[in-house]
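Enquirer: Residue-level listing of the chains:
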Amino acid sequence: MRSKTVETLPEATVLFAGDSGDGMQLTGTQFTLATAHAMNDLATLPDFPAEIRAPVGTTYGVSGFQLHFGSVDIRTPGDEVDLLVAMNPAALVVNLDRVKPGGTVLVNSNSFEKKDLNLANLDSNPLEDGSLDKYRVIQVELTRLTRETLKDTDLNQKQIDRSKNMFALGLALWLYSRPIEPAQRWLESKFGRKPEIRDANLELLKKGFHFGETTEQFVTRYEVSPATLPPGRYRAVQGVQALAMGIVAAANKSGLPITYGSYPITPASDLLHALSRYKNHGIMTIQAEDEIAAIGMAIGASFGGALGITGTSGPGVALKSEAMGLAHITELPLVIVNVQRGGPSTGLPTKTEQSDLMQALFGRNGDAPMPVIAASTPGDCFEVAYEACRIAVKYMTPVVLLSDGYLANGSEPWLIPDPDDLRDFDVSFATETNAEVDGQEVFHGYIRDEGTLARPWAKPGTPGLEHRIGGLEKADGTGNVSYDAANHEKMTRLRAEKVERVQQDMKPLEVFGDESADLLIIGWGSTRGAIEAGVTRALNAGHKAAAVHLRWVHPLPPDLGEVLSRFDSFLVPELNNGQLVRILRDRFLLPFEAMNKIQGRPFGPSEIAKKIAEMVG
Amino acid sequence: MSDNDSQNDPNTPKGRKPTLPPGMGTPAAKKPTLPPGMGTPAAKKPTLPPGMDKPAAKKPSLPPGAPSGDGASGLTRADFASDQDVRWCPGCGDYAILATVQRLMPELGVPRENVVFISGIGCSSRFPYYMNTYGMHSIHGRAPTVATGLKASRPDLDVWMITGDGDSLSIGGNHIIHIMRRNVDLQIIMFNNQIYGLTKGQYSPTSEVGKVTKSTPFGSIDHPFNPIALVLGADAAFAARTMDRDPKHMKDILKRAHDFKGTGFVEVYQNCNIFNDGAFFDFTEKATKSDRAVFFEHGKPLVYAGGTKGLRLDGFNLKSIDLDEGSWGTDDCLVYDETSLELATILARVYWHDELPQPFGVFYREERPTYDAQVNEQVQSVIEARGKGSLADLLAEGDTWVVQ
Ligand code: SF4
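Order-wise, the sequence lines are chains A and B.
The opening residue of the first sequence carries number 21 in the numbering used here; numbering runs sequentially from there.
The opening residue of the second sequence carries number 3 in the numbering used here; numbering runs sequentially from there.
Here chain B stands alone, though its shape is the one from the complex:
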């Protein structure tokens, strides 16, 4: 057994049963109310802060006769690759995420100069260096703060945040919950490999109990976080999960996160083949994927195993049903509603469950005003009410007197 084989340990607990939060309200009660004088949530148009120049809207011009590319922006995947050598370990799941993002970019139609990637620290956080966009590799756990400050002051930019399980759930835990509640309009891609890679293999806040690592030679005793449940608890407006080994699903989910006005949180199961190889193989590999993973969609019944199995709501619990055997049909399966916080909460708690497949898809989506729009609307409304401030008037405010 190698140093990092613990995921094969049969004694490893597999997460816990979904529980229902007490006093769960109706979806109607969740509607956000706007502070008085605040614009309507429908006003999604990014507003510029006062004094800020209009961003240069023009696209980079292409040389005449250049191929028009495959994207709406006229750019290709190659236009988004920087000139830096990618330095992740060969075979790392990070490569698939980078490739998917670079492939997605041209389709989004956002001028390249308006795209910014902000990251924290860890293997995943080297990501911005490999994107030929604006970017900042910040400090451990703090990417949400940098991204919030950037997006609040420059709502015209398309901001992406790259983070890992240690970066966002451990050292940056405070920031991740606050960016969720604020609903800053940006995308977060959280690479979850359930290990610390860059520091060479310590257990992470998502590692399973009992994990043997360099820092836990006798097994980890920390109860792991369930990232989707965590962000839902912090009032995430958009929460989704995908995996490195299904680039098509990943691309779809990332696109949906991008289309969403607000914080699009996407957890990506990412294989760290050096320190935690195979952590998600149950869900990602051909032999077991169909039985152990369920890919769910809004408005569709929860079916898996090639349509031979489904998930049925029994009280507040999900039960697996056999659709071939005759007593149950697709009609009995839960039809997913991604706008239901109750369903999201139930589904998010299906986590490393022995009898149920791990869910992948958009757990929750709630349209509500974004922080960046609101903070700028408030500035605008003050300017409208009081006029643009005069420095000379401000300096001479209040009681003054003249000395001759």
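Chain A with its partners taken away, still in its complex shape:
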């Protein structure tokens, strides 16, 4: 055995790709776990096919898991891939353009038979036709080695072949000097009751790891030093988990029971799955008969004094829009979570996009503004969920929370928050009458708080506060039905003004990068990592730029105008055909330049850096 040289890298990007049935998500997740244990900063991006079990070996059945990790600040799942692990030709063709020139392509050479090539629509074998010349290719007989390793077990051929991802995982762990123990522990607990499968997988994992050591194909092994993260206890968190925990935190801190109504839809179903496990945390979940029922149930719960939340994706929001108007005019607290996906219509259900911003801002009949908050990283989903709930209750308003497929499925190391550090979340229900009519003490449902303009929340069961609300226009103060012209204008303005007052709760904007730059990049939502990493690269290349990220898209932060006034040119990158840019142009009449990507994939930092170079270089 020749000894290997060890090279230390600041960062690396690995992409596992194969059939939906090849277990690539699992492989990626376990590699992530090991990476977290190696104390690297990281960001991940799973990439699922829309079909659950597409025909084996086809390009549309390819499932991928990309992971970017490093000793440096990691903000995105990576632009360019250093190592692609491709389980078959289809996985290779679909992902090859993401591998950087000179990068490594590791393939299962047993799956490049004629029939495999046909399934991937290839006329010739890429391992032989020179199409991989730009890359370092490592051919590993994964299928044969797996069968060889497990030949003495009682597992059948299918079970054996399905386990080859563990060999690949072991090899990848070795290559990047990751610890193997976390995956071993996971296998032990996962297959504790199926010792044969457990032992087979453990054996393969170890074989893969040792294979790296022994094979002549690798001369170099890599190391990535621990990142310098703020001190504290960390875990890896996916956006959808963080969002669910933010909701639990809201229930915990407010003392309000939460009713979550939802109808299954990709990519929001995982939020329903997560919350339905948290019944002992004060969360009731109802899987409704449709999207409209889901929000109707949440509204009913809010009327009863719980906090109603409904989660969905863009097509579901379209169906809920009439009910969102009802929540707006009845001025009940409600959170509508939109885990955005590629649109319009059914669009690209498993791909990410930011194209529901206009829908969130304006997608209702009548003048029905509501606060719109957007999460910027997987971990940020926690804070944003908590904040959305808090604002909904404080201002008695529906709040739209925008996440997206990338945030929901992506993960990052997360400094576990201390519940005591969360902002106060006080709730006060009305218990007393608040007006007098003909000498009688009465309760009027639309007498507002002076600071927030919120109306009182009187829950059924409170004696003497019986009142009726509904979708018809309300008279200012009494809340009785009113068709009065002047009242309608007044109420429309009052409801809008109340939403504007959410500005009171916003923290000052933070400018990232070089404050003396001419160019300011304005972003919202999940593009934050790519924008800030892009600005960092640009700065390193000598191109001056700064960035500001909007957590609240409506109302816009009170200090945004002042921040904008310090810059001359503006770039607005969005994963849509130009939505925030239109809002900004309308509000500020400044030369905002749009930068749009509509490919179902997030921005990479290099795209942002390149654009900055074009603008200021």
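Please note: incorrect hints may appear among the correct ones.
As the list claims (entries may be wrong) - Which chain A residues stay away from chain B? Per the calculated CB distances, all over 12 Å, these: (1) Thr305; (2) Ile467; (3) Gly620.
Claimed, not checked - Result set (EDC-like, lysine to aspartate or glutamate): computed pairs, CA atoms no more than 20 Å apart in a straight line: (4) B:Lys390 - A:Glu520; (5) A:Lys273 - B:Asp395; (6) A:Lys227 - A:Glu161; (7) A:Lys210 - B:Asp326; (8) A:Lys24 - A:Asp102; (9) A:Lys134 - A:Asp181; (10) A:Lys631 - A:Asp534; (11) A:Lys134 - A:Glu161; (12) A:Lys154 - A:Asp102; (13) A:Lys510 - A:Glu520; (14) A:Lys273 - B:Asp401; (15) A:Lys171 - A:Asp181; (16) B:Lys390 - A:Asp438; (17) A:Lys226 - A:Glu168; (18) A:Lys154 - A:Glu100; (19) A:Lys210 - B:Asp401; (20) A:Lys226 - A:Asp181; (21) B:Lys302 - B:Asp326.
Unchecked claim - Covered by chain A, according to a simulated footprint, are these stretches of chain B (three or more residues, beta-carbon under 8 Å): (22) 133-140; (23) 154-163; (24) 335-347.
Hints were generated in silico from the structure; no laboratory data involved.
Glycine included, every Cβ here is placed at the ideal spot set by N, Cα and C.
Given chain A, work out where chain B with the ligand should sit, using these hints.
Expert: Same frame as chain A, but now just chain B with the ligand:
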């Protein structure tokens, strides 16, 4: 002939013959089974969701010397009338329903603050504004969803849902079937006037074929729904029919729906005197009521026409028999059993029948667990099994590591 005279059209088809569903099972086979770990159906006591305060149980106190009222709650009909002017058309059947409900309320003994009326859209759905209780006038067709969310999170409340034939059977069709199968513990009063009133007179999903309305100048071609048969098809646990012009019957039926633990669905024939006047006069007016309507009760023979006629089961069909003429007696009449889904199905299909009277009463009643009780029992059982969740523990769940 006025715009809305079509119900007098002799060519109007009168519904269809009762048919028997294939493979009809025995009543015993209908018994609901509970998911494992779920409480017994007998546990009807509303449980509160975790973290929810105990509802204020106290009744509104009355000034000293005030009349004690006529109800168990010490309240009177007037206590349930809101200060809002009722705006239905003069002569509308809705008034009778409102009056009956307001009269019934004090008898139910439920503290007024615990009563909630939820409605959708339509003439009927203005109802909550006229009740001095908690209430919400929601959006078209969606009242079942709002009511379900409310009752699930607040099982201590007494929830009533008000809807119409268009609201619940057309735009809200999906929700009405799902609230039925879930058996949420609340009462549904469906005002059936066989027309769209608030939008000024289009045919509804219960309008008869051939109906001439503004939207069907050449007659409607849509086959109408039979609301009782529809909800039975959706596994309604309680289904009844009554009429606006018989307030006593209506009150009895509403009380029974309220007493029932589960979704008490009550269809009320309601005259829209503006757009569909006289739609149910055959059944509701003195001259024809006795011959054209049968008021049936659990455990009693199906007799009508002042006891001169009865209904006999002939195979799977009901036949009218003359009790005066001598060959048939009351003993030959079907004794109704409201717990029999088979009988309910047969009787529900007696619908605008030429030879048989339209049935009014409780078609079906099946005791089974309610959704609101079950959803809260499940929450409780998870709390019992795992303890009340700790936020700090949840946040630190799974693999963690420390950065110094
Ligand atoms: S339109 Fe008909 S149902 Fe509506 S209020 Fe008038 S009479 Fe009643």
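Enquirer: Report holds or violated for chain A covering the segment 133-140 of chain B, Cβ cut-off 8 Å, minimum 3 residues.
Expert: Answer holds; 8 residues pass the 8 Å Cβ test.
Enquirer: Are there at least three residues in the segment 154-163 of chain B whose beta carbon sits under 8 Å from a beta carbon of chain A?
Expert: holds (count 5)
Enquirer: With the threshold set at 20 Å, check whether the alpha-carbon distance from Lys171 of chain A to Asp181 of chain A stays at or below it.
Expert: 11 Å, holds
Enquirer: Can the restraint linking Lys302 of chain B and Asp326 of chain B be considered satisfied, given a maximum Cα separation of 20 Å?
Expert: With a Cα-Cα distance of about 19 Å, the restraint between Lys302 of chain B and Asp326 of chain B holds, given a limit of 20 Å.
Enquirer: Is the Cβ of Ile467 of chain A farther than 12 Å from every Cβ of chain B?
Expert: Check passes; 16 Å lies beyond 12 Å.
Enquirer: Checking one constraint from the list: CA of Lys227 of chain A to CA of Glu161 of chain A, max 20 Å. Satisfied?
Expert: With Cα atoms ~13 Å apart, Lys227 of chain A and Glu161 of chain A stay inside 20 Å; holds.
Enquirer: What's the verdict on Lys273 of chain A and Asp401 of chain B, does the C-alpha distance respect the 20 Å limit or exceed it?
Expert: Violated, at roughly 25 Å.
Enquirer: Run the C-beta distances from Thr305 of chain A to all of chain B and say if the shortest one exceeds 12 Å.
Expert: 9 Å, violated
Enquirer: Hey, Lys390 of chain B versus Asp438 of chain A, does the alpha-carbon distance stay inside 20 Å?
Expert: 18 Å, holds
Enquirer: With a cut-off of 20 Å on the C-alpha distance, tell me whether Lys154 of chain A and Glu100 of chain A pass.
Expert: 14 Å, holds
Enquirer: Are the Cα positions of Lys390 of chain B and Glu520 of chain A separated by 20 Å at most?
Expert: At roughly 38 Å apart (the allowed maximum being 20 Å), Glu520 of chain A and Lys390 of chain B break the hint.
Enquirer: Quickly compare the C-alpha distance for Lys134 of chain A and Glu161 of chain A to 20 Å and report which way the hint goes.
Expert: 16 Å, holds
Of the numbered hints listed earlier, those contradicted by the structure are 1, 4, 7, 14 and 24.
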